[in-house]
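**Student:** For reference, the chains in residue letters:
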Amino acid sequence: MSVLLVLEESGGKIKRASWEALAAAQRLAPAQEITAVVVGAETETLAAEAAAKPVGKVVRVEHPLLKTYTADGFSIALHQLVQSQDATKWVVFPHTYQVRDYAPALACRMGQVLIGDVTGIEDGPIFTRQLLQGRLNGSYRHSGNGPCFVSVQAGAFRADSNIDALDANLSAAPAPIEVFTPTLDVAQIRTAHGEPFRESTQTVDLGSAQRIVSVGRGIKGAENLPLIEALAGALGAELAASRPICDNGWLPMERQVGSSGHTVAPKLYLAVGISGAIQHLVGMKGSQCIVAINKDPDAPIFEVADYGIVGDLFEVVPALTEAVKAGRERS
Amino acid sequence: MKIVVAIKQVPDRDAPVRIAASAKWIEERDLQWAMNEPDAYALEEALQLKEQHGGEVIVLSAGPERVGSTIREALAKGADRAIHIVCDDLGARDALGVARLLAEAIRPENPDLVLTGLQSEDLGLGLTGVILAELLGLPHATLILRVEKTDAGLKVKRELEEGWFQSIEMPLPSVLTMQSGGSKLRYATLMGIKRAKSKELRAVNAAELGVEAAPLATLEQISAPKKQKSTQLLGGSAKEAAAALVEKLKTEARVL
Numbered sequence: 001m002s003v004l005l006v007l008e009e010s011g012g013k014i015k016r017a018s019w020e021a022l023a024a025a026q027r028l029a030p031a032q033e034i035t036a037v038v039v040g041a042e043t044e045t046l047a048a049e050a051a052a053k054p055v056g057k058v059v060r061v062e063h064p065l066l067k068t069y070t071a072d073g074f075s076i077a078l079h080q081l082v083q084s085q086d087a088t089k090w091v092v093f094p095h096t097y098q099v100r101d102y103a104p105a106l107a108c109r110m111g112q113v114l115i116g117d118v119t120g121i122e123d124g125p126i127f128t129r130q131l132l133q134g135r136l137n138g139s140y141r142h143s144g145n146g147p148c149f150v151s152v153q154a155g156a157f158r159a160d161s162n163i164d165a166l167d168a169n170l171s172a173a174p175a176p177i178e179v180f181t182p183t184l185d186v187a188q189i190r191t192a193h194g195e196p197f198r199e200s201t202q203t204v205d206l207g208s209a210q211r212i213v214s215v216g217r218g219i220k221g222a223e224n225l226p227l228i229e230a231l232a233g234a235l236g237a238e239l240a241a242s243r244p245i246c247d248n249g250w251l252p253m254e255r256q257v258g259s260s261g262h263t264v265a266p267k268l269y270l271a272v273g274i275s276g277a278i279q280h281l282v283g284m285k286g287s288q289c290i291v292a293i294n295k296d297p298d299a300p301i302f303e304v305a306d307y308g309i310v311g312d313l314f315e316v317v318p319a320l321t322e323a324v325k326a327g328r329e330r331s
Numbered sequence: 001m002k003i004v005v006a007i008k009q010v011p012d013r014d015a016p017v018r019i020a021a022s023a024k025w026i027e028e029r030d031l032q033w034a035m036n037e038p039d040a041y042a043l044e045e046a047l048q049l050k051e052q053h054g055g056e057v058i059v060l061s062a063g064p065e066r067v068g069s070t071i072r073e074a075l076a077k078g079a080d081r082a083i084h085i086v087c088d089d090l091g092a093r094d095a096l097g098v099a100r101l102l103a104e105a106i107r108p109e110n111p112d113l114v115l116t117g118l119q120s121e122d123l124g125l126g127l128t129g130v131i132l133a134e135l136l137g138l139p140h141a142t143l144i145l146r147v148e149k150t151d152a153g154l155k156v157k158r159e160l161e162e163g164w165f166q167s168i169e170m171p172l173p174s175v176l177t178m179q180s181g182g183s184k185l186r187y188a189t190l191m192g193i194k195r196a197k198s199k200e201l202r203a204v205n206a207a208e209l210g211v212e213a214a215p216l217a218t219l220e221q222i223s224a225p226k227k228q229k230s231t232q233l234l235g236g237s238a239k240e241a242a243a244a245l246v247e248k249l250k251t252e253a254r255v256l
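Protein sequence lines correspond, in order, to chains Z and Y. So in our numbering, the last one in the first sequence is 331, and the numbering has no gaps at all. So in our numbering, the last one in the second sequence is 256, and the numbering has no gaps at all.
Just chain Z, with the same shape it has in the complex (with noise of 0.2 Å):
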């Protein structure tokens, strides 16, 4: 087996990004060459879940010591994994906050480093990641003889085409199941994790807002928010920000939209003054339609909008308010 795919779970459930991530390391490798890898304290229903995708094979590293997840007890059990597994060329992961937490460590482990937040990966192969928040992209290599560990970025895969086409030519029987039971130490685990908490009540619902008028860093300063909210009233829309705007606290972290948010998906989605971070693209990238407002010809907002504005945010926003509700005068 070339491949060692580690799934994330949730709630019991394989997250979504686990199943990109084999859409990805299918472009490493052919199906049977991939092993999906759970890690927990009972695995089983994990592993059936698993064992019905396209994979060769699907290995359950179980130990009650990894019931919660820690930093110390995934970086151990799973160093102990791939050290088991001869020929391990590629170790494929979701690109998800809790990767970012252990991966790195475990690849140092290895004398290894991690290629994370990969979008894409040709032949070669070549990995490509976003650099400078997304205004360029970079083409990675890796090369020596120890596997290469690589991470998957949110929405750049496609869970379901990819796999469902290939279920069409593998036989209906589920891949078979391992366990792999690593030797851990309760003292070995340095860190306590907590129950996860939410901050506050929410009290808006972006999630099933119709239209969005979101608004980032261009703003300047929250004296400016009142040209925002204009605009959204016109529209009957929500508003909601880019990290930076609720870092400030010029609006409240509940109308955060992106990868430390929310992830919405509108019927209209309009970013005002936002460059377009990968961080914030995977939490909006799937609204129906896309406006951006931007001073910077370049910025990579442009590369997910319908339509554009280059302009002056602060000409552009009243202007717009405006022809809102001239329109709606009119019809």
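Hints may contain errors.
Said to hold, decoys possible - Cut-off 30 Å, straight-line C-alpha distance, at most; resulting in silico cross-link-like pairs (DSSO-like, lysine-lysine):
1. Y:K155 / Y:K184
2. Y:K2 / Z:K220
3. Y:K248 / Z:K325
4. Y:K199 / Z:K295
5. Z:K267 / Y:K229
6. Y:K2 / Z:K295
7. Y:K50 / Y:K157
8. Z:K13 / Y:K157
9. Y:K199 / Z:K220
10. Z:K15 / Y:K226
11. Z:K15 / Y:K229
12. Y:K229 / Z:K295
13. Y:K227 / Y:K248
14. Y:K227 / Y:K239
15. Z:K295 / Z:K267
16. Z:K267 / Y:K250
17. Y:K227 / Z:K15
18. Y:K239 / Z:K267
19. Y:K184 / Z:K220
20. Y:K184 / Z:K295
21. Y:K184 / Z:K325
22. Y:K2 / Y:K157
23. Y:K199 / Y:K50
24. Y:K250 / Z:K325
25. Y:K149 / Z:K220
26. Y:K2 / Y:K184
Stated by the list, open to error - Residues on chain Y that point at chain Z, a partial pick, calculated with CB under 7 Å:
27. D12
28. A15
29. K24
30. E27
31. R29
32. D30
33. L90
34. E134
35. S167
36. L172
37. S180
38. S183
39. A217
40. Q228
No lab work stands behind these hints, which were simulated from the structure alone. Just so you know, even glycine gets a beta-carbon here, dropped at the ideal spot from N, CA and C.
Starting from the structure of chain Z, add chain Y where the hints point.
**Tutor:** This is chain Y only, laid out in the frame that chain Z set:
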């Protein structure tokens, strides 16, 4: 508490970038530089911890001579002293190579805590802090918004995805990578800028640290991203563009 903060100098966010003739990196001549924003939050956290618990804040940065301006900015904000790993080929090293340099410089300091930003704004790898922890044999936590000192070590607030958080308790010494937004960044005062001039800034040549530069992951080429959609750009004056957009949204996209 003795705290080392690893900071990186990156191209200023608003600086226009051009692909260099080699197509391996951007043209660095005439570029404006700034402190990587997540690292600025790491520095802020370190300064606040020092204000509460006493101790020392040491700034560490690797790169060519120009990095000195960012180091001085950190000293002006309140760091006590600095180590500059002078290294003209930073871009030729991968994250493991850079982390090895930083680890060698940190080791003799024996700090209680190492802080850095969760990722850089130029390469965006998000690897260096975690690799540092592994190389130094220390526990770590990533995407941290708040740090509290406890009797046993630290209690930190970690950001999870989609608006969730988690508390982590860990011993010292340890390594944390800081998420932005946990606190408000301070500005350097005039007094701070003046004082910074007399603070210790020790230069260490990268070659003296005995770290191999050969990378395992090589950035072979950079390029402008391909468009995922064909964007209709609406031109003219602000008023004309706005009117055209409303028309498109009504009749073409049918979202108004």
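**Student:** Run every hint past the structure and note whether it holds.
**Tutor:** Quick rundown of the hints versus the structure:
no. : hint            : in the structure
1   : Y:K155 / Y:K184 : 20 Å, holds
2   : Y:K2 / Z:K220   : 36 Å, violated
3   : Y:K248 / Z:K325 : 15 Å, holds
4   : Y:K199 / Z:K295 : 41 Å, violated
5   : Z:K267 / Y:K229 : 16 Å, holds
6   : Y:K2 / Z:K295   : 44 Å, violated
7   : Y:K50 / Y:K157  : 18 Å, holds
8   : Z:K13 / Y:K157  : 26 Å, holds
9   : Y:K199 / Z:K220 : 34 Å, violated
10  : Z:K15 / Y:K226  : 28 Å, holds
11  : Z:K15 / Y:K229  : 27 Å, holds
12  : Y:K229 / Z:K295 : 19 Å, holds
13  : Y:K227 / Y:K248 : 20 Å, holds
14  : Y:K227 / Y:K239 : 27 Å, holds
15  : Z:K295 / Z:K267 : 24 Å, holds
16  : Z:K267 / Y:K250 : 12 Å, holds
17  : Y:K227 / Z:K15  : 28 Å, holds
18  : Y:K239 / Z:K267 : 24 Å, holds
19  : Y:K184 / Z:K220 : 16 Å, holds
20  : Y:K184 / Z:K295 : 27 Å, holds
21  : Y:K184 / Z:K325 : 38 Å, violated
22  : Y:K2 / Y:K157   : 21 Å, holds
23  : Y:K199 / Y:K50  : 17 Å, holds
24  : Y:K250 / Z:K325 : 13 Å, holds
25  : Y:K149 / Z:K220 : 35 Å, violated
26  : Y:K2 / Y:K184   : 22 Å, holds
27  : D12             : 11 Å, violated
28  : A15             : 10 Å, violated
29  : K24             : 9 Å, violated
30  : E27             : 12 Å, violated
31  : R29             : 16 Å, violated
32  : D30             : 16 Å, violated
33  : L90             : 14 Å, violated
34  : E134            : 4 Å, holds
35  : S167            : 4 Å, holds
36  : L172            : 11 Å, violated
37  : S180            : 5 Å, holds
38  : S183            : 10 Å, violated
39  : A217            : 5 Å, holds
40  : Q228            : 5 Å, holds
This entry does not satisfy hints 2, 4, 6, 9, 21, 25, 27, 28, 29, 30, 31, 32, 33, 36 and 38, going by the numbered hints stated previously.
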